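Spelled out, the chains give:
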Amino acid sequence: MATLQDIDFGTPAASGETVTLTIDGRRVSAPAGTSIMRAARSLGTSIPKLCATDSLEAFGSCRVCLVEIEGRSGTPASCTTPVAEGMVVRTQSAKLARLRRNVVELYISDHPLDCLTCAANGNCELQDVAGSVGLRDVRYGDAGENHLDLPCDSSNPYFDFDPSKCIVCSRCVRACDEVQGTLALTVEGRGFASKIAASQAQPFLESECVSCGACVQACPTAALTERAVVEAGQPDRAVVTTCAYCGVGCAFKAEMKGEQLVRMTPYKDGAANHGHSCVKGRFAWGYATHKERILKPMIRASIREPWREVSWQDAIAHTAAEFKRIAARYGAHAVGGISSSRCTNEETYLVQKLVRAAFGVNNIDTCARVCHSPTGYGLKTTLGTSAGTQDFDSVEQADVIVVIGANPTDGHPVFASRMKRRLRQGAKLIVVDPRRIDLVRTPQIEAAHHLQLRPGTNVAVLTALAHVIVTEDLVDQAFVRERCDWDEFQEWAAFVADPARSPEATEARTGVPAAELRAAARLYATGGNAAIYYGLGVTEHSQGSTSVMAIANLAMATGNFGRPGVGVNPLRGQNNVQGACDMGSFPHEFSGYRHVSDGATRALIEEAWGVPLDPEPGLRIPNMLDAAVQGAFKAIYIQGEDILQSDPNTHHVAAGLAAMECVVVHDLFLNETANYAHVFLPGSTFLEKDGTFTNAERRIQRVRRVMTPLNGYEDWQITQLLCNALGYPMTYGHPSEIMDEIARLTPSFHGVSYAALEELGSIQWPCNAEAPAGTPIMHEDGFVRGKGRFVLTEYVPTDEKVGPRYPLLLTTGRILSQYNVGAQTRRTANVAWHEEDVLEIHPQDAEDRGVRDGDLVRLASRSGETVLRAKVSTRVAPGVVYTTFHHPGTQANVVTTDYSDWATNCPEYKVTAVQVTPSNGPSDWQQRYAEHAAQSRRTTPAERAS
Amino acid sequence: MSDFSGKLVLMANQIAAAFVAQGADAAKDAAAHIEAFWPPPMRAQITAYLAAGGEGLSDQAAAAVRRLRQAHGDGRAAAAVSRPAD
Numbered sequence: 002m003a004t005l006q007d008i009d010f011g012t013p014a015a016s017g018e019t020v021t022l023t024i025d026g027r028r029v030s031a032p033a034g035t036s037i038m039r040a041a042r043s044l045g046t047s048i049p050k051l052c053a054t055d056s057l058e059a060f061g062s063c064r065v066c067l068v069e070i071e072g073r074s075g076t077p078a079s080c081t082t083p084v085a086e087g088m089v090v091r092t093q094s095a096k097l098a099r100l101r102r103n104v105v106e107l108y109i110s111d112h113p114l115d116c117l118t119c120a121a122n123g124n125c126e127l128q129d130v131a132g133s134v135g136l137r138d139v140r141y142g143d144a145g146e147n148h149l150d151l152p153c154d155s156s157n158p159y160f161d162f163d164p165s166k167c168i169v170c171s172r173c174v175r176a177c178d179e180v181q182g183t184l185a186l187t188v189e190g191r192g193f194a195s196k197i198a199a200s201q202a203q204p205f206l207e208s209e210c211v212s213c214g215a216c217v218q219a220c221p222t223a224a225l226t227e228r229a230v231v232e233a234g235q236p237d238r239a240v241v242t243t244c245a246y247c248g249v250g251c252a253f254k255a256e257m258k259g260e261q262l263v264r265m266t267p268y269k270d271g272a273a274n275h276g277h278s279c280v281k282g283r284f285a286w287g288y289a290t291h292k293e294r295i296l297k298p299m300i301r302a303s304i305r306e307p308w309r310e311v312s313w314q315d316a317i318a319h320t321a322a323e324f325k326r327i328a329a330r331y332g333a334h335a336v337g338g339i340s341s342s343r344c345t346n347e348e349t350y351l352v353q354k355l356v357r358a359a360f361g362v363n364n365i366d367t368c369a370r371v372c373h374s375p376t377g378y379g380l381k382t383t384l385g386t387s388a389g390t391q392d393f394d395s396v397e398q399a400d401v402i403v404v405i406g407a408n409p410t411d412g413h414p415v416f417a418s419r420m421k422r423r424l425r426q427g428a429k430l431i432v433v434d435p436r437r438i439d440l441v442r443t444p445q446i447e448a449a450h451h452l453q454l455r456p457g458t459n460v461a462v463l464t465a466l467a468h469v470i471v472t473e474d475l476v477d478q479a480f481v482r483e484r485c486d487w488d489e490f491q492e493w494a495a496f497v498a499d500p501a502r503s504p505e506a507t508e509a510r511t512g513v514p515a516a517e518l519r520a521a522a523r524l525y526a527t528g529g530n531a532a533i534y535y536g537l538g539v540t541e542h543s544q545g546s547t548s549v550m551a552i553a554n555l556a557m558a559t560g561n562f563g564r565p566g567v568g569v570n571p572l573r574g575q576n577n578v579q580g581a582c583d584m585g586s587f588p589h590e591f592s593g594y595r596h597v598s599d600g601a602t603r604a605l606i607e608e609a610w611g612v613p614l615d616p617e618p619g620l621r622i623p624n625m626l627d628a629a630v631q632g633a634f635k636a637i638y639i640q641g642e643d644i645l646q647s648d649p650n651t652h653h654v655a656a657g658l659a660a661m662e663c664v665v666v667h668d669l670f671l672n673e674t675a676n677y678a679h680v681f682l683p684g685s686t687f688l689e690k691d692g693t694f695t696n697a698e699r700r701i702q703r704v705r706r707v708m709t710p711l712n713g714y715e716d717w718q719i720t721q722l723l724c725n726a727l728g729y730p731m732t733y734g735h736p737s738e739i740m741d742e743i744a745r746l747t748p749s750f751h752g753v754s755y756a757a758l759e760e761l762g763s764i765q766w767p768c769n770a771e772a773p774a775g776t777p778i779m780h781e782d783g784f785v786r787g788k789g790r791f792v793l794t795e796y797v798p799t800d801e802k803v804g805p806r807y808p809l810l811l812t813t814g815r816i817l818s819q820y821n822v823g824a825q826t827r828r829t830a831n832v833a834w835h836e837e838d839v840l841e842i843h844p845q846d847a848e849d850r851g852v853r854d855g856d857l858v859r860l861a862s863r864s865g866e867t868v869l870r871a872k873v874s875t876r877v878a879p880g881v882v883y884t885t886f887h888h889p890g891t892q893a894n895v896v897t898t899d900y901s902d903w904a905t906n907c908p909e910y911k912v913t914a915v916q917v918t919p920s921n922g923p924s925d926w927q928q929r930y931a932e933h934a935a936q937s938r939r940t941t942p943a944e945r946a947s
Numbered sequence: 002m003s004d005f006s007g008k009l010v011l012m013a014n015q016i017a018a019a020f021v022a023q024g025a026d027a028a029k030d031a032a033a034h035i036e037a038f039w040p041p042p043m044r045a046q047i048t049a050y051l052a053a054g055g056e057g058l059s060d061q062a063a064a065a066v067r068r069l070r071q072a073h074g075d076g077r078a079a080a081a082v083s084r085p086a087d
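Line order of the protein sequences matches chains A and B. What the first sequence shows, in our numbering, is residues 2 to 947, in sequence order. What the second sequence shows, in our numbering, is residues 2 to 87, in sequence order.
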């Protein structure tokens, strides 16, 4: 378990040959390249330091960590001096003590002496060092020039920068450079005039700072301090848990005072994030105690009525009675449920168990339906398992990084920082994206190739890349012969070699210059270890699954599987989308991706659960909504999802929900879906529950309860209450018991338990007898399916066409500060960076329509229309517009369509034909919806209701 | 054609087109895919739609649906199928 203050070794670990030296008379061995400071700390000797910390390369500026080395003159800095065989070091002497005291005295001579009232009191390295060197007096007086009156920058909503407390050690600057890779900070001026500046000496909020918190984490004084610490004081305990935003799965220390969360600090030993964080995980947790959180269950007979608060007992009994009534009247197939990628593995497992065992149907689906379901299909088909192949550490050995349809600096920022570090070290970057995402060109990074394709042409581009690899004889024949089906490969090679699939033949359709595409293909095939990272720009298309298979084809043809630095890596969107899929949240398969028609699996689970199970697949989310509109689907239990805002074609989603007789929303807030609900069950946050999340690298990590659920129950307990009320008994006492059941029934989880997680820290599945410590890299000796399968990937254009009425292509996405539908992040100070969704439009398209930057515009498609502000930008190509879907006032999905991936029904969010025209106010629909939402959210307290 | 029938036709046509592009026995593979991922009521509806004329179904999609009908009469295919996950 974590301590509040981790051991700081001063400099990063090294990995050279072992050398032995003597420090203060004690022998110590360390890898060559280790600093004397780090070697000393491994002996338990803390050499005073200020500019050094082990997350950053040694800098050697503060001159506090001086040591003496036998046979060498002077007093070198221990942070920048590496160990050597036979070296004899003294860390303490009268001379060193005098030098250190003099140096620290100079620092303190220009530092406020307000330690007792300082926010860092008790957690200040300068204070500690002053105590360590025995500073008792400052001889310089206070008459000279100083920095004590410099104004504090409080522009950032989460932390203050007080330059009067800054010692210009550059740790913040180096953290921004080395850890985050944004390079937003600098030391401005020279000598006494030196000061830390954000961008062009701008306030932090207006600068390029992305508020990741790395600078705050690195600061040894109170110069950069979390405002929550200023207000609450220093925390008194820490609990390690896992972030509930995005699929990176950063481990954090929740630093507490009693049951009050004071701050979240990135956990140094977190295997996914290695001590780094982003603005969401680090700071945007205030939603957990937001005043709009609903803490009491509510019911109503009709969505036109106000909500009525009831007891938990009444709410559960009412819900169970409604589901029983509806199943009795319309049949069992008229009910279903949706599990949440924001909830734990244990909770999603229970929801699918409730649907299959208590409802008696397979009408269970999850939000992966609308994001990475094509990943599951495509990778299972080609490789044999529905998950990415690598761990995140793998990127450190990649020589070529291909980013397709993903925007890691916004969507997966902590992994993006690691990617950027590798790119700064010299790895080459290929970006395939209709937008000029930040990675295309940032300080010290520039993509070797940006294939700026037209939305919807992924398969044509990926197949053209394969064409170059095959026709220019760049295939790794040995790998393919050994690891893949040779006959299928030959058929595929002939298919892609067809001149009709060449870059030249497809250029007019894709918009990608043939020469650029050829160069990118050559780099991918010949540049060394090549790793593909992709996102929803690949999956959310009518050919999403085909694109995933085309990606797998490329990696197999070039031998980029089974070792560090390579592979096919889906960047998962939500925190537990991998886990929700693993746990059997899809209507056609049980946990571990076993089809419901598999008799042996069904028999195993039937015996464990004590009920017969349906051997037929159930309804997917869009099927449920279609069936509801038809009158055949009448009741749904939705845990932790807001399908009205997140799913495509809002009008259709609303019609489906409105047609049901019982919609149960189990969530933190009255979200947009709740405007069509009859029962509201208050949910618990990740801070209030025990469980596990599984990140994009298949890493299972613990979520630990740090405070009592404000709503009274953890979410798994609520599902259990409902299950029992339905007559199917559940008696779990703790989520660890649920994980034990998952492990017992799921081959790839056989070795997973809470005890194993405590021992190992985290586990990447498969974890079983063959891999007791888990599997960081898949397919090392062979593909899970046996021989890798090449699939022919013919480009089939989407049915969504541009034309005179809708001449532009809309593509949608996410930004850094907001998360998914924004239910959490809109209820934090992150709105400082993103108050509303805007429409990016190319200057030429704007000019043609008389649209200026900041104007309100009407965005219309065949599905619907909405009004939002225009942002004129060259990030998008002419003919393409882009927006986000974080705000319900905009509801970008009013515009998106029902078109979906052929294999999985994953919606085609990335291609909608639209028109943009000037507007002077909200659309009719926006006005009607705002009125409906206000009416629907009326609440009658329990005392008035009774 | 109702909206819902239209959707089923679109989905079936997409699936058939995908397997035609993969170059194998498209009707068999498309039928297997529908069997693996569509619940019985949807399979029954597309089967009934084809029986009523099948307007808008591509030839390959119709062939796939016909295999469902010929197999069991209730939308279930007889051929052993691989069932890839999504």
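Calculated from the structure, these hints are not laboratory results. These numbers were taken from a predicted model, which means no experiment stands behind them. There could be a bad hint or two in this list.
Stated by the list, open to error - Derived DMTMM-like pairs: lysine to aspartate or glutamate, alpha-carbon spacing no greater than 20 Å straight-line:
1. B:LYS29 <-> A:GLU795
2. B:LYS29 <-> A:ASP854
3. B:LYS8 <-> A:ASP899
4. B:LYS8 <-> A:ASP439
5. B:LYS29 <-> A:GLU617
Said to hold, decoys possible - Ranges between beta-carbon positions, derived for each pair:
6. B:LYS29 <-> A:GLU760: 30 to 36 Å
7. A:PRO798 <-> B:LYS29: 22 to 28 Å
8. A:GLU759 <-> B:LYS29: 36 to 42 Å
9. A:HIS933 <-> B:SER3: 25 to 31 Å
10. A:ARG523 <-> B:ALA49: 34 to 40 Å
11. A:GLN936 <-> B:ALA49: 38 to 44 Å
12. A:ASP474 <-> B:LYS29: 45 to 51 Å
13. B:ASP60 <-> A:ASP741: 38 to 44 Å
Just so you know, even glycine gets a beta-carbon here, dropped at the ideal spot from N, CA and C.
Structure-based check of all given hints:
| no. | hint | result |
| --- | --- | --- |
| 1 | B:LYS29 <-> A:GLU795 | holds (18 Å) |
| 2 | B:LYS29 <-> A:ASP854 | violated (53 Å) |
| 3 | B:LYS8 <-> A:ASP899 | holds (9 Å) |
| 4 | B:LYS8 <-> A:ASP439 | violated (38 Å) |
| 5 | B:LYS29 <-> A:GLU617 | holds (19 Å) |
| 6 | B:LYS29 <-> A:GLU760: 30 to 36 Å | violated (49 Å) |
| 7 | A:PRO798 <-> B:LYS29: 22 to 28 Å | holds (25 Å) |
| 8 | A:GLU759 <-> B:LYS29: 36 to 42 Å | violated (50 Å) |
| 9 | A:HIS933 <-> B:SER3: 25 to 31 Å | holds (27 Å) |
| 10 | A:ARG523 <-> B:ALA49: 34 to 40 Å | violated (53 Å) |
| 11 | A:GLN936 <-> B:ALA49: 38 to 44 Å | holds (40 Å) |
| 12 | A:ASP474 <-> B:LYS29: 45 to 51 Å | violated (35 Å) |
| 13 | B:ASP60 <-> A:ASP741: 38 to 44 Å | violated (52 Å) |
In summary, the numbered hints that this structure violates are 2, 4, 6, 8, 10, 12 and 13.
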